[in-house]
Amino acid sequence: VNHARLVVAVGVAVAVAVGAARPASAGTPAECVDYSPLGFCIEWGTPGTEGPGTPGGSGGGDEPTCYWVNLDYVPSDSTIFVDYGIEPPPEGVDVVWQALECSDGTIGDDMRWIIPPGPRDIAEGVRGRIVGTLPGPTVASSPADGVPAIVGMPVFVQVTNWTGVVTMQECAGFCVTVTAVPSLTFNPGEVDAPPVACAGPGTAYLPDGPPAEEQALADGACSYTYRLRTRVPGRPPAWSGSVSVTWAITWSATTGATGALTPVTRSADLPRAVEEVQTVVSGGHRP
Amino acid sequence: MRRGLLAVIAVVLLVGACSGDDASDPTTSSSASSTSPVEPTTTSTSTTPATSVDPTTTASSAPSTSQPTTTPATRTPAAIETVLQGLLGRYDEAVTTILTDPRVTSDSASPAVTAYLALFAPDSTFAQGALTSWAQDAAEGRSYRPGPSGSMINSTLMDVTVASDTEAAFTVCAANSMQVIDAAGNVIESSGGVTFVNATAVQVDGEWLLRDLSQSSGDCPEPGTDT
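Residue numbers (the working numbering), protein chains in the order written: chain A, 1130 to 1416; chain B, 2 to 228.
Don't read these hints as lab results, they were simulated from the structure. All figures in this text were calculated on a predicted structure; none of them were measured in a lab. Check each hint, because a few of them may be wrong.
Unchecked claim - Residues on chain A that point at chain B, a partial pick, calculated with CB under 10 Å:
no.	residue
1	Glu1160
2	Pro1166
3	Ile1209
4	Pro1219
5	Cys1231
6	Asp1239
7	Met1240
8	Ile1243
9	Thr1296
10	Cys1300
11	Phe1303
12	Cys1304
We put the CB at the ideal spot given by N, CA and C, even for glycine.
So that you can see chain A by itself, here it is in the shape it has in the complex (with noise of 0.2 Å):
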């Protein structure tokens, strides 16, 4: 029997997301935040470059994000409970019936019933929609990428694609909405050197403004001074830092019902080489 593919509604009700690889951060090991019943990731903690089956990846990748979302009829079609190897609902039970879509415009070959979810549920699908939209950090800096530091001079940090608070909200007899707060963190990569939390999208230097120390002291500045060269025996030939995206995300029901989900971090590698300018000083009085 061949079905049709299932028509979704979306719109009505979202439900848990089950897949969301997100790719991992070159050189750093994706980690698997979130599984299905079966043992499959469906999300990936650690953004990057290297996907899930990817020959030299840690898990993560370049993945459509997967949902379960609500059907906007009952499948009156009983072979369904023989092909997709589903229970039929029991008699007189109120279930809602789903189909997995995805962010790539496919519908899975998934379906299920559940009981009606209650809000924490379907703030979970929400957050499930919104990690999906949340990109990896696009990093600007001063230096730029790939320019070496200097001993003794700030380095300014921005995220160019800053998306600001993202909200969403869905509605099934009662509405959840999901609010995802962003947090910019700095991370040097220098012995020692503690993360930098940053204020808003970072900072941008300014070359007609303030001498660039002054910026660097400002409050929430996204700055660091290096301290220690690199190339330099004992150390590397650039310290490696990052640049880390966490949104805190947090739910709200009309039910008066509220909650904190898991958070989402995405992480961009930002290596710096670090080089020490000596000044020589001539033509002064000799005594």
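Got chain A; can you put chain B on it based on the hints?
Chain B only, in chain A's frame:
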């Protein structure tokens, strides 16, 4: 569904068989050659990665529990397919055992846990993460049992890309049929269908082991196409 699956794979095989070698391509891709159960065997092969698959070679869905996957010189796609399908068969068994009673995950020495971990590279954070997820099921009183198809998961190897002597990416179509049972014994969910999976295997000390498996979107035979 099985007949439809075989038809699809046969078409894929024909395409694969007609494709020529590409010496400039460092990777080697092939399609699984069969879904019929054949015991995986220890295979001796040449040291040069092959670039095509013998369509007469049968891969395995390996229903047995402890087939060897040690393949000292397994490098050709066909040989790797046999090993990977064997791994998938053992994966299905291990996962089914755990899902039936997720409480077994509380004992790291339980046969179910050790059988599952043995499928992955040593100290796999991926496998540990999955066990943690099942432990959460147990904590919430949730367990699983097969749906009408009779088996919770039945994985079929679809395609293999050999990246090196020690690493291969592959895709899987996992037919699934299950019911979710709450702590009171009520059925609270029933799901089924076919799940597309991207996966990676690595060779450690001559043994092919799983590194990760990710649910994704891709082409699998449509449920019910064989009826």
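Here is what the structure says about each hint:
Given hint, glutamate 1160 (chain A) at the interface with chain B, holds; its Cβ is 6 Å from that chain's nearest Cβ, closer than 10 Å. At a threshold of 10 Å, the smallest CB-CB gap from proline 1166 (chain A) to chain B is about 6 Å, leaving the interface hint in force. Hint status for isoleucine 1209 (chain A): holds, given a least beta-carbon distance of 8 Å to chain B, under 10 Å. Given hint, proline 1219 (chain A) at the interface with chain B, holds; its Cβ is 7 Å from that chain's nearest Cβ, closer than 10 Å.
Nearest Cβ of chain B to the Cβ of cysteine 1231 (chain A): about 4 Å, under the 10 Å cut. The hint holds. Against a cut-off of 10 Å between C-beta atoms, the interface hint on aspartate 1239 (chain A) holds, since the closest Cβ of chain B lies about 4 Å away. Of the supplied interface hints, the one on methionine 1240 (chain A) holds, with its beta-carbon coming within about 5 Å of a beta-carbon of chain B, less than 10 Å. Hint on isoleucine 1243 (chain A) holds. Least Cβ distance to chain B is approximately 5 Å, under the 10 Å limit.
Because the beta carbon of threonine 1296 (chain A) sits about 26 Å from the nearest beta carbon in chain B, more than 10 Å, this interface hint is broken. The beta carbon of cysteine 1300 (chain A) is not positioned within 10 Å of any beta carbon in chain B (closest approach about 22 Å), and the interface hint is therefore violated. Here the hint on phenylalanine 1303 (chain A) is broken, as its CB sits about 20 Å from the closest CB of chain B, past 10 Å. Hint on cysteine 1304 (chain A) is violated. Least Cβ distance to chain B is approximately 24 Å, over the 10 Å limit.
This entry does not satisfy hints 9, 10, 11, 12, going by the numbered hints stated previously.
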